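What follows is the residue order along each chain.
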Amino acid sequence: MIASGTLHENTRVPSAAESLSPERIAYLENLVSQARTAAAIFTQFTQPDVDRIVKAMVLSGLAQAQHLARLAVEETRLGVMEDKVIKNMVACEFVYDYVKDKRTVGIIREFPERNLMEIAEPIGVLFSITPITNPTSTVLFKCIVAIKTRNAVIFGPHPKAWRCCAEAVKIMYETAVKHGAPEGVFSCLESPTIPDNAYLMRHKDVAMIDATGGPGAVKAAYSSGKPALGVGPGNTPVYLEKSADLNAAVVDIIISKTFDNGTICASEQTVVIDDEIYDQVLKKFADLGAHICDEKETKLLEHTVIDPQTGFMQPMAVGQKAADIARFIGMAVKPNTKLLVAPIRGVGREHPLSVEKLFPVLAVYRAKSVGEALKVCLDVNHAGGIGHTAVVFSRNEDVIRKFGEVINAGRIIVNSPGAIGALGAVYNDLVPTFSFGCGTGGGNSTTDNVNIYHYLNIKRLARRTQNHMWFRVPNQIYFNMNAVENVRQFPSHSTVIVTNPALEQMGHVDIVRRNLAPETQVHVSVIPDAEPEVNVILQGVEELNFYKADQIIALGGGSVIDATKIMKLKYESPEADLEELAAPFLDLRKRVVQYPTEKKNRARLIAIATTSGTGSEVTPFAVLTDKASGRKVTLADYSLTPDIAIVDPQFVMSMPKGLTADTGIDCLTHALEAGVSNYASPYTDSNAMQAIRLAFKYLPIAYEHPRDEEARSMMHNAACIAAMAFSNASVGVNHALAHAFGARFGVAHGRANALMLPHVIAYNAAVPTKFMPSPYTQGYVAHKKYATIADLLGLGGKTVEEKVEKLIAAISQLLDQLGFPRSIAEWGISKEDYERAMPDMVQSAFNDPSWRSNPRMPLMNELVELLWKAYEGRGAAARTGVAERQAL
Amino acid sequence: MDDKRFALTLREAGAKLNGADGEAILDFSSVRRVDSDALHALEQFAQIAGEKGIKVVLRDAHIDVYKVLKLVKLTRRFSFEYCSAQSPRS
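Line order of the protein sequences matches chains A and B. Counting from 1, one number per residue, gives the positions in the first sequence under this note's numbering. Counting from 1, one number per residue, gives the positions in the second sequence under this note's numbering.
Fair warning: there could be bad hints in the mix.
Derived DSS-like pairs (lysine-lysine); straight-line CA-CA distance at most 25 Å [what the hints assert, rightly or not]:
#: 1; chain 1: A; residue 1: Lys-459; chain 2: B; residue 2: Lys-73
#: 2; chain 1: B; residue 1: Lys-73; chain 2: A; residue 2: Lys-226
#: 3; chain 1: A; residue 1: Lys-204; chain 2: B; residue 2: Lys-73
#: 4; chain 1: A; residue 1: Lys-459; chain 2: B; residue 2: Lys-70
#: 5; chain 1: A; residue 1: Lys-459; chain 2: B; residue 2: Lys-67
#: 6; chain 1: B; residue 1: Lys-70; chain 2: A; residue 2: Lys-226
#: 7; chain 1: A; residue 1: Lys-283; chain 2: A; residue 2: Lys-338
#: 8; chain 1: A; residue 1: Lys-226; chain 2: B; residue 2: Lys-67
For the record, the hints were derived by calculation from the structure and aren't laboratory data. Computed from a predicted model, the values in this text were never measured in an experiment.
The whole structure should be built from the sequences, with the hints applied where relevant.
Shown next, in the form of structure tokens:
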């Protein structure tokens, strides 16, 4: 607060060598013991208890405001008695007005919409240092705040102000105890010394230090190793800008700078005045009782009120009247002079008056421009006042805002007196205080006006929340035989059908073309029959641009539909960076990379599935192959979801057996993984369960009897329904492994899934090595959900473990029926090749976003183990984790 | 034991400790708040008991009271046992 070492004997850093007598130690121990007991007892008090005590204390403080002010002036010989009365009253009345309705006991704030509540925990015993400049008002303030927050305080007043402080503490203490506060809740050091402070600052039962004092005291507090609230020194710059109301500004500055003879550390120190108004402003100061110093008088002030050795103010001037200071240094002024105004030409040691002056001497600086004014204000701010207070007088909002941005001050006071403005609640809505946090610039932990919330440990009670979930699917889904006829209802001038050569050859494109509205210009873009690559996508986008497509029809399996989704994305938003959009994420709502919403072109996407597996016609996913790295990149965003899905079995009637099996198992894997996903919901469960039921019933029939229309239709529906489930619940570790393995060895996705599936079910149904954090699930349920699936399929079994085993067996049997190899080894991959590929596959699987919703968090070594189990083959799966499942 | 007569009751109990052996159980179920007198009396009681080698058990101490004892580091001088079902708000 005051940057003078000599003024504050109790503020230098205490030395460990300084010793206390046994009697003094016993005295201090007794104070701490009493305070500790009081603080403990205080924890039982209710809000009404403390509010009752606080009100009584405030009334006592108000009644004794004048008495305490007189004592303070008599003892310290600083300041103005009348102003100290005001300060004491502000410390009581204004602080009370702020705290009276605030909750400080128990639950103090609730945020039902966030499922959060804040609960107050008192700090305990505080050791509080108070200054010579505002002794009694600071004590009154801290007593009120401490009782409101159920804390006990030991006061360490400035040695030259301890008697008035002791009296203030006594008045507060007696009133508090009379109204029920615990005995020993306040005490005040008698004849305080630096070793006292050092002892208490390091005492194990002192929970926090509140140091309102000089920089030495603050530094000592922060160096003690205890949590501390400290306030830094000030050096308030003021910018008096030409648009300001000059009459009001000058009066405000005089009010502030002369208040209690300038002892408030937030008071104005250097006023930087625009050139255009400089003379006018100085005349107004003179008219209102200030003395404008000439060059000689300014020099005299520089040499007398500022210590030439330290560059800080002289203690003898602090809190003295302007006329008295003038008389003391031999300067002739009128007896009623309020303020000495000294023009300066710069800031720093060569300009002694540019530092903090806690007396009615005000430096003024003539600035030629806004830029120069802000620069000088910043210099003053950095000359001992960082983080404290600054003042601007202006009507120009741009100037006010720029000042606020440039100056580093916890309180930036606009068009009002700095000292009283900073105290809060009088000229503005700042929190009332007698302790100004100055942030890190001032060596403090806060820039706040210290008040009740700094005297509390605020505990946050956070209830489990369940974020909203969703179930998003295309606007329209048309299914059953000849559903393709529905494309007719969608008007289009230019439609591009994206497909692959085989489908075009089979006449599927013609079927679609026949069903489009007659006025539609139809173009066909044929892409290779393989998982989409970037160059294929970009070529497709060129065609869309060429034909100015307003409708795109993806006719094909997962590869074609995925490719078309990405083409549409790049067509509508050419700037979309596919690599960036593929960035990993944990939660769709919080992902870093957002998909573009601005669109250069707009086209409707109709997806017509020609396989019964991926369900890409309804999903928000698209898999892109990066041939160079041999990895697959998954794009995921609901903006990728087709607008319309056509699930017409006529396009799958001719699917070969192998493709039927691969895609069918892909469908089953989607449903199984969505079913046990951490994002599963009743909405996705209903789809997942139905898809599993349909797949088990109709996949073998579709495989054995490809022309069976019902089986084909139901499998086509199953794929779409499973996709609706995993579009919203996602998949799991099976897909992560299948992607990694499939990409590395060129194995079809469905087949790769099949090779992993039994092992992954066994893995998920066992006790996880590591549970996956998930706010959506209560406890671990994967094994139970597998059991439910077994029940749904009528597989039998009495216990959960038996049911899981029966499910694994049923899947194994289904895979046999569909002619899948029992192992990767059987598939024909050598052990050496597989082993060599293992590190890459594990890395790739771990980087795959698919497993993020898996119920069990896969560890790297577990991925290795799963990949080896898949290599070794089925049979191992059924044996895996039986004991663990029994433990769940 | 109740709030109002707490300190007095405790002093009386302290005097009876002479005849006790092994363990003294204080029923704290009706004590809702302690003041400095009560804490002082408890400390004295613990001291007497300690000198006589008697273990002091505070039965059903309310959590707010227990917290006070914890803060003043008195819990280590007593044993605590809970028999009745307390409502957290009682």
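Verification of the supplied hints:
1. Of the pairs offered as hints, the one joining Lys-459/A and Lys-73/B holds, with about 22 Å between alpha carbons and a cut-off of 25 Å not exceeded.
2. Of the supplied pair hints, the one linking Lys-73/B and Lys-226/A holds, its CA atoms being roughly 20 Å apart against a limit of 25 Å.
3. With a CA separation close to 13 Å, the supplied pair Lys-204/A and Lys-73/B stays within the 25 Å bound.
4. Only pairs whose Cα atoms come within 25 Å are accepted, and Lys-459/A paired with Lys-70/B is accepted, the gap being roughly 19 Å.
5. Between Lys-459/A and Lys-67/B the CA atoms are separated by roughly 16 Å; this keeps the pair inside 25 Å, and the hint holds.
6. At most 25 Å may separate the alpha-carbon atoms for a hinted pair to count; Lys-70/B and Lys-226/A meet this at roughly 21 Å.
7. Between Lys-283/A and Lys-338/A the CA atoms are separated by roughly 14 Å; this keeps the pair inside 25 Å, and the hint holds.
8. Proximity of Lys-226/A to Lys-67/B is assessed by CA-CA distance (about 23 Å); at most 25 Å being required, the pair is judged to hold.
Hint compliance for this structure: no hint is broken.
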